[in-house]
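Required output: the full structure, derived from the provided sequences and hints.
Sequence lines, in order, name chains V and L.
Count along the first sequence starting at 1, add 118, and that's the number in my numbering.
Count along the second sequence starting at 1, add 118, and that's the number in my numbering.
None of these hints come from the bench; they were simulated from the model.
Glycine included, every Cβ here is placed at the ideal spot set by N, Cα and C.
Just to be clear, a hint being listed does not mean it is correct.
Pair by pair, the computed Cβ-Cβ distance ranges are [to be verified]:
id : chain 1 : residue 1 : chain 2 : residue 2 : range
1  : V       : Gln239    : L       : Gln239    : 33 to 41 Å
2  : V       : Leu438    : L       : Glu196    : 47 to 55 Å
3  : L       : Ser159    : V       : Glu256    : 32 to 40 Å
4  : V       : Ala243    : L       : Arg151    : 31 to 39 Å
5  : V       : Glu296    : L       : Glu232    : 38 to 46 Å
6  : L       : Glu143    : V       : Ala353    : 56 to 64 Å
7  : V       : Gln239    : L       : Pro298    : 32 to 40 Å
8  : L       : Glu232    : V       : Gly231    : 40 to 48 Å
9  : L       : Pro298    : V       : Glu296    : 21 to 29 Å
10 : V       : Leu135    : L       : Pro298    : 16 to 24 Å
Selected chain V positions facing chain L (Cβ under 8 Å, derived; list incomplete) [stated by the list, open to error]:
id : residue
11 : Gly179
12 : Leu402
13 : Gly434
14 : Leu438
15 : Ile441
Protein chains: 2
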Amino acid sequence: MTTAQTEQTAAVSAPDLATIRAAHERIRAQIHRTPVFTSESLDAVAGAHLFFKCENLQKTGSFKFRGATNAVFSLSDEEAKRGVITVSSGNHGAAISLAARRRGISAWVVMPGEAPRAKRQAVEAYGGRVTECEYSMESREAVCKALQKQTGAILIHPYNNARVIAGQGTAALELLEEVPDLDIVVAPVSGGGLLSGTAIASKSLRPSIRVVGAEPKNADDAYRSFAAGRIESAANTETIADGLRAVLCPLTFSILRQHVDEIALVTEEEILSAMRLLWERLKLIVEPSGAVSAGIVLHNKIDPRGKRIGIILSGGNLDLDQIPFARAAK
Amino acid sequence: MTTAQTEQTAAVSAPDLATIRAAHERIRAQIHRTPVFTSESLDAVAGAHLFFKCENLQKTGSFKFRGATNAVFSLSDEEAKRGVITVSSGNHGAAISLAARRRGISAWVVMPGEAPRAKRQAVEAYGGRVTECEYSMESREAVCKALQKQTGAILIHPYNNARVIAGQGTAALELLEEVPDLDIVVAPVSGGGLLSGTAIASKSLRPSIRVVGAEPKNADDAYRSFAAGRIESAANTETIADGLRAVLCPLTFSILRQHVDEIALVTEEEILSAMRLLWERLKLIVEPSGAVSAGIVLHNKIDPRGKRIGIILSGGNLDLDQIPFARAAK
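Encoded structure:
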């Protein structure tokens with residue numbers, strides 16, 4: 119098999135449980151095995167038993183480091199020395215940057231100029247080279263292709279990549295190892311990498327589990343796609359959950375249709391309210407995108423009563439100068 | 119021994135390691151064994167190996183639940199049925215309230231009217247009955263004595279109580295069980311209960327360890343007392359670390375003089391800077407008082423270079439409407 123074929127295969131075929139287990143073996147020395155938090159007071163709010171998988175405590179502050187590390191460390195030495203490139207509004211870019219630095223290779227990150235300052239700084243702190251683009255998908259792809267041609271770097275797409283998806287699935291793998299008898303597992307959905315990996319791992323380990331994707335009502339492309347049976351874009355993407363504005367790709371859409379039971383939506387107010395509850399009760403910094411999965415449980419978008427529910431808190435990166443529920447200090 | 123004698127003995131004699139171990143046995147099923155966090159990026163800031171004992175993740179959001187639980191569960195059934203009373207600007211009051219509820223008894227908490235709203239709400243949420251007083255020590259004691267007389271409740275002082283001190287010492291006990299080879303351990307000092315328990319446990323388990331108390335420069339009574347050889351009050355107590363404004367008592371002062379190597383001071387700016395770093399890098403909500411111990415390490419008030427340093431993050435309760443470094447959201 120040629121390198122080109124390997125890359126193509128990696129990109130288009132869905133991973134299975136064995137692939138996710140292999141990914142876990144590959145990355146386990148590089149990542150944090152993140153803790154699972156519980157809270158009596160949040161259980162009381164939901165009327166359920168909640169198990170929070172704290173990927174906000176993952177290295178680089180989000181689950182993205184799992185998929186990025188699996189992808190970067192799956193490359194052959196020959197591939198790796200060309201460096202890696204990606205398009206990311208932040209967390210995937212930071213994750214790729216650190217994974218590349220760990221492997222001793224270069225990373226280029228194409229990022230909209232308007233991305234949160236904290237996320238851009240993180241990419242640079244991990245040694246990634248930021249190249250700015252416009253916000254449009256066309257601009258991102260054009261800038262990325264030009265840079266790829268110029269550098270020879272290998273593209274690691276944030277979710278249209280089976281190695282990335284397999285890496286993201288390791289969070290649910292750990293969660294179900296620790297709490298095997300979950301009734302429901304909830305993960306946020308944007309491009310669908312985390313939810314795909316979560317769904318494959320969860321349904322393989324526990325076929326009776328209900329897998330729910332959580333999405334902002336203001337960026338409801340996955341919800342619409344699920345309903346329509348084809349990939350649709352959102353009416354708008356004006357959400358505080360800035361990490362959840364991407365659109366599904368054919369690979370993730372096909373995995374979600376096969377393994378996900380439901381996509382549930384939350385409003386902006388519900389996202390903020392959930393985020394504040396997590397900060398108050400868990401004493402954890404969770405970014406708005408990371409609070410969306412908790413939002414659908416704490417605001418009864420699914421019926422949580424009496425259930426054992428795993429909730430993936432996907433990330434904790436936000437600009438502390440712009441905490442959305444903070445008033446100016448005295 | 120009469121009940122009155124038992125109470126007196128509990129209040130005036132310093133606990134030893136055996137007492138702290140017994141306290142741990144008594145409370146271990148009630149408390150969280152809090153995690154110890156590490157951070158490569160904070161290690162790089164300090165040039166040291168830092169081990170954060172996360173008492174902000176303790177039940178009720180602070181280490182105070184350890185001492186409160188030990189004191190409440192040490193009472194005889196006859197004593198307990200009278201209920202308990204305390205004076206607290208917040209965290210000890212919340213801790214006593216939950217400990218009392220767990221034991222099925224009443225708790226009265228005397229609290230200045232100006233205490234942070236979030237702390238008052240926590241007391242009430244745990245079933246404690248708040249009675250307001252003026253900010254002065256005289257008012258607190260007068261209100262407390264009147265209420266004690268009226269209700270017959272047993273006073274559990276926030277730190278002038280050996281059972282409370284023994285309970286607080288269990289945090290360092292757990293920390294040194296997990297990381298036995300620490301060079302330095304740092305805890306904040308206010309009335310001195312946590313630092314006393316930390317010092318006794320740490321010096322007993324590891325005589326070579328250096329025990330450092332961390333105090334706001336703006337409420338430097340322990341620093342002055344240490345220097346003067348007698349209990350002194352601070353010049354003022356205008357500090358953002360609102361939990362660190364109490365003054366040592368003879369019991370804690372005598373323990374600190376025996377077991378603590380140094381009291382180090384941090385400015386208000388350094389407290390805020392440390393707190394922000396903890397939020398950013400550990401993704402943990404730590405209150406200003408809880409960040410003081412990290413502040414003396416991250417701002418080089420002691421020489422941390424190359425050392426293995428245990429840092430007790432004492433609490434995570436603050437009003438999220440008044441985050442001190444937040445600007446108003448966009």
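Do the hints match the structure? See the list:
1. Gln239/V - Gln239/L: 33 to 41 Å: holds, 35 Å
2. Leu438/V - Glu196/L: 47 to 55 Å: holds, 51 Å
3. Ser159/L - Glu256/V: 32 to 40 Å: This hint holds: roughly 36 Å between Cβ atoms.
4. Ala243/V - Arg151/L: 31 to 39 Å: Between alanine 243/V and arginine 151/L, where Cβ atoms are some 32 Å apart, the hint holds.
5. Glu296/V - Glu232/L: 38 to 46 Å: For glutamate 296/V and glutamate 232/L the Cβ distance comes to about 43 Å; the hint holds.
6. Glu143/L - Ala353/V: 56 to 64 Å: For glutamate 143/L and alanine 353/V the Cβ distance comes to about 59 Å; the hint holds.
7. Gln239/V - Pro298/L: 32 to 40 Å: holds, 37 Å
8. Glu232/L - Gly231/V: 40 to 48 Å: holds, 45 Å
9. Pro298/L - Glu296/V: 21 to 29 Å: Roughly 26 Å apart at Cβ, these two residues keep to the hinted range, so it holds.
10. Leu135/V - Pro298/L: 16 to 24 Å: The hinted range 16 to 24 Å is violated for leucine 135/V and proline 298/L, with Cβ atoms some 39 Å apart.
11. Gly179: Hint on glycine 179/V: holds, closest Cβ of chain L at ~6 Å, below 8 Å.
12. Leu402: holds, 6 Å
13. Gly434: holds, 4 Å
14. Leu438: holds, 6 Å
15. Ile441: Holds - the Cβ of isoleucine 441/V comes within 8 Å of chain L, reaching about 5 Å at its closest.
Hint compliance for this structure: hint 10 alone is broken.
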